[in-house]
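Let chain A serve as the given structure and place chain B on it in line with the hints.
These protein sequences, in sequence, are chains A and B. Numbers 139 to 422, taken from our numbering, label the letters of the first sequence in order. Numbers 13 to 429, taken from our numbering, label the letters of the second sequence in order.
To be clear, the hints were calculated from the coordinates, so they are not data collected in a lab. Cβ coordinates follow ideal geometry from the N, Cα and C atoms, glycine included. There's no promise every hint is true.
Just a sample of chain B residues kept apart from chain A, beta carbon distances all over 12 angstroms, derived [as the list claims (entries may be wrong)]:
(1) ILE56
(2) ASN77
(3) PRO80
(4) ASP106
(5) LYS118
(6) ARG159
(7) LEU251
(8) ILE322
Listed next, the stretches of chain A that the computed footprint assigns to chain B, with coverage defined by at least 3 CB atoms under 8 angstroms from CB atoms of chain B [to be verified]:
(9) 166-174
(10) 177-187
(11) 216-224
(12) 231-243
(13) 254-260
(14) 358-371
(15) 385-392
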Amino acid sequence: MALPKYTETRYRIWHYLYLSICGFVFFFLIAPLFVIFPLSFNAEEFLVFSEGMKRLDPDAFSLRWYEDMIYGTKNPWGLAAKNSFIIAIFATIGAVILGTVAALGLSSRHMPYKGLIMATLISPMIVPLIISGVAIFFFIAKIGLAATHLGIIIAHIILGTPFVVITVTATLSGFDHSVTRAASSLGSNPVNTFMKITLPLILPGVISGALFAFVTSFDEVVVVLFLAGLDNTTIPIQMWTGLREQLSPTILAVATCLIILSTLILVTAELLRRRSERLRGINR
Amino acid sequence: MTNETQKILTTDGIPLEISLKKAEKKNKIKAFLLVAPLLLFLIITYIFPIGEMFTRSIDDRMVTNMLPKTFKAMETWDGKELPPEEVYAAFLSDYRALAEKKVHGKLGQRLNKEKNGFNTILKKLWRKMKKFEDGNAKEQIMEVHKRFRDVKYWQAIKRTAPPYTMGKYLKGMDMYYDEDGKVTQVEKDRRIHRILWLRTLEIAVVVTILCFLMGYPIAHLLAVLPMKYSNLLMICVLLPFWTSLLVRTASWMILLQQQGIVNDFFVMIGLVADDNRPEMMYNKTGTYIAMTQILLPFMVLPLYSVMKTISPSLMRAGKSLGGTPFVAFWKVYFPLTIPGIGAGCLLVFILAIGYYITPALVGGASGTLISNQIAYHMKETLDWSFASAMGLMLLTGVLAVYWVYNKLVGIDNIKLG
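Excised from the complex, chain A in its bound form (with noise of 0.2 angstroms):
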């Protein structure tokens, strides 16, 4: 972005005031995640910097809130936990599912009412989420699951197919469907045709859309707050009570592990973006 030398003194100013606009919003996105870091090592009690962590005492530092996230008293994170990745895990497999056969049926050319269908098929992301949690929560409770961990995966496979049929049908625009035509012509019947042709070259916006409903079924706290008794609390629902109760250096603890959770889902979906792209480069 370097500018040229001719430029004019009031675009030169122009142009720096626009960059450090650039750097203020970068900053003010990024910077408050990385708060959390060092506060969730604080050996106090309070979450604000403590003289001797500005010191960088190293007595100010402990893991005094991790060990309390792991072996406290009365200490709901396990079971939150546990639940949190069991839900997000059966979602995630029931979305990826239904919502790949799905995508398959809608990028055939010969799919009739594409409009209609498709706007059906993303309705759930698409309508304000503390309406299709009213919406779930009737359905649920009706067939008798409120309070179970089956009726929370199936609000969240409402939730999550959205993401997989979006990301799988934009990895199918650029897919040429000569080669499970030729697959075919050689003998396969369509099942291995899948499994072996179309299924290894979409796999890229298969996981992505998979990682999207993971962690939308495990960030997804509005339909759980209506669904969930004691026995199905998630990490979101602990987040959510602690956090109007009070909030403590434990969270923070928490919360750090989920933004090196997200760290690594962020990679993962970043290379598989970026393989998706060489990809569909090859077959252009």
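Here is chain B on its own, set in the frame of chain A:
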């Protein structure tokens, strides 16, 4: 000419046209069968329940089911003067049946909403009716309380006869049916729902504008920078995007508290005095700041994906044809980014209008939005029909926004980064 085409036959001797149509139909069915499982799943678990919200929101059969004989007897009553003996007798018999099932309290609560003071006289009736003699119900009931001699109370019962009501929707707009069945405004100081609707709209609009103002420059920078720099900066957008909403809300709660880092910074640069630190949390300021940061990625990603496709040579052409950089930007670049602006604003607005976790945590008393109210009625008062009515009103608003957006920009432009 059509005769000629019909003559073309496949090897089976079937005309080609028919054979092709058959194949086409088969392909259609195949494609549809692939979509069917998810479509069916969503219709059963999601679309139907939204429809059920509607029937639930207008359902008003409770009193009708509780007082079947009374309504039967009331059919011949003109509703102007006190009802005849049969109505009183039927009412007494219905009420006795309810008292036996121990659900008479519910009737009192429901009718009290229709006409104030009903609950008291029904309780009194419940105590006295054990000693009632057979027959002559009208006189005995009228003896219990003078309000039973007031025709307005009987009119109130008659008003609940229709099985459906728009009452919950009116309540959502701070209106109600008065004693003559006319739509009336609630007194000025009790119009809480209108405040909530306006506040929700205000927060959604302000957050959308803030996100646009902050998102546009950085999306542009990301789009024009060379790949190796922009990939690095993209992390600043994507990491918050993938991070839990509650984690980000928690970090804002730490930053914005009175002894927090932002206030420390303001004191350090001398903007405010140490003993006069401003409240930045538990008010609208906190809500705006936190929600803008949380929703900003949803603005940047669609903008970026549109800006990435705009060739830099267009700006150069604009400048070489004599436009100043500002004119070139305004006349060439900006119009090309409108689909991205539309998609980003729509996404942020829709997300913001249904949000309540962040406002509830950092917004204090002013953080109560329509969504909170819906959740409150779902979980606390258990007035599910009112929650449904409010939810559907919100949904109607959102669909209207989509409709306008579709007219202006086209809905196909939504992308996920």
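Requested in this report: With a C-beta cutoff of 8 angstroms, work out whether three or more residues of the region 177-187 of chain A approach chain B closely enough for the coverage to hold.
Outcome: That given contact holds, which follows from 4 residues of the region 177-187 of chain A lying within Cβ reach (below 8 angstroms) of chain B.
For this session: Three residues minimum, CB to CB under 8 angstroms: does the region 166-174 of chain A make the cut for coverage by chain B? Let me know.
Result: With 7 residues close enough to chain B, the hint holds.
Requested in this report: Hey, is ILE56(B) genuinely clear of chain A, shortest beta carbon separation above 12 angstroms?
Outcome: Per Cβ check, ILE56(B) is inside 12 angstroms of chain A; nearest 8 angstroms; violated.
### Task
Just double-check LEU251(B) for me: nearest Cβ-Cβ distance to chain A has to come out over 12 angstroms.
It is violated; LEU251(B) is separated from chain A by about 6 angstroms at its closest Cβ, not greater than 12 angstroms.
Under 8 angstroms between beta-carbons, do enough residues of the region 358-371 of chain A, three at least, approach chain B for the coverage claim to hold?
holds (count 4)
- Should the label of LYS118(B) as a non-interface residue stand, given a Cβ cut-off of 12 angstroms to chain A? Fine: 20 angstroms to the nearest Cβ keeps LYS118(B) off the interface.
Does the claim that ASN77(B) lies outside the interface with chain A hold up, using a Cβ gap greater than 12 angstroms? Per Cβ check, ASN77(B) is outside 12 angstroms of chain A; nearest 19 angstroms; holds.
Tell me whether the statement that chain B covers the region 216-224 of chain A is true, taking a Cβ distance below 8 angstroms and needing three residues at minimum. As far as the region 216-224 of chain A goes, the hint is violated, because 0 residues have Cβ atoms under 8 angstroms from chain B.
Non-interface claim for PRO80(B): all C-beta distances to chain A beyond 12 angstroms? With a cut-off of 12 angstroms, PRO80(B) remains clear of chain A, as the shortest Cβ separation is near 26 angstroms.
* Proximity test - 8 angstroms, beta-carbon atoms, the region 254-260 of chain A to chain B, at least three hits -> holds (count 3)
#### Entry: Beyond 12 angstroms from every chain A Cβ - status for ILE322(B)
16 angstroms, holds
Checklist entry - Does the claim that ARG159(B) lies outside the interface with chain A hold up, using a Cβ gap greater than 12 angstroms? => result 38 angstroms, holds
Of the numbered hints given earlier, the model fails hints 1, 7, 11; all others are met.
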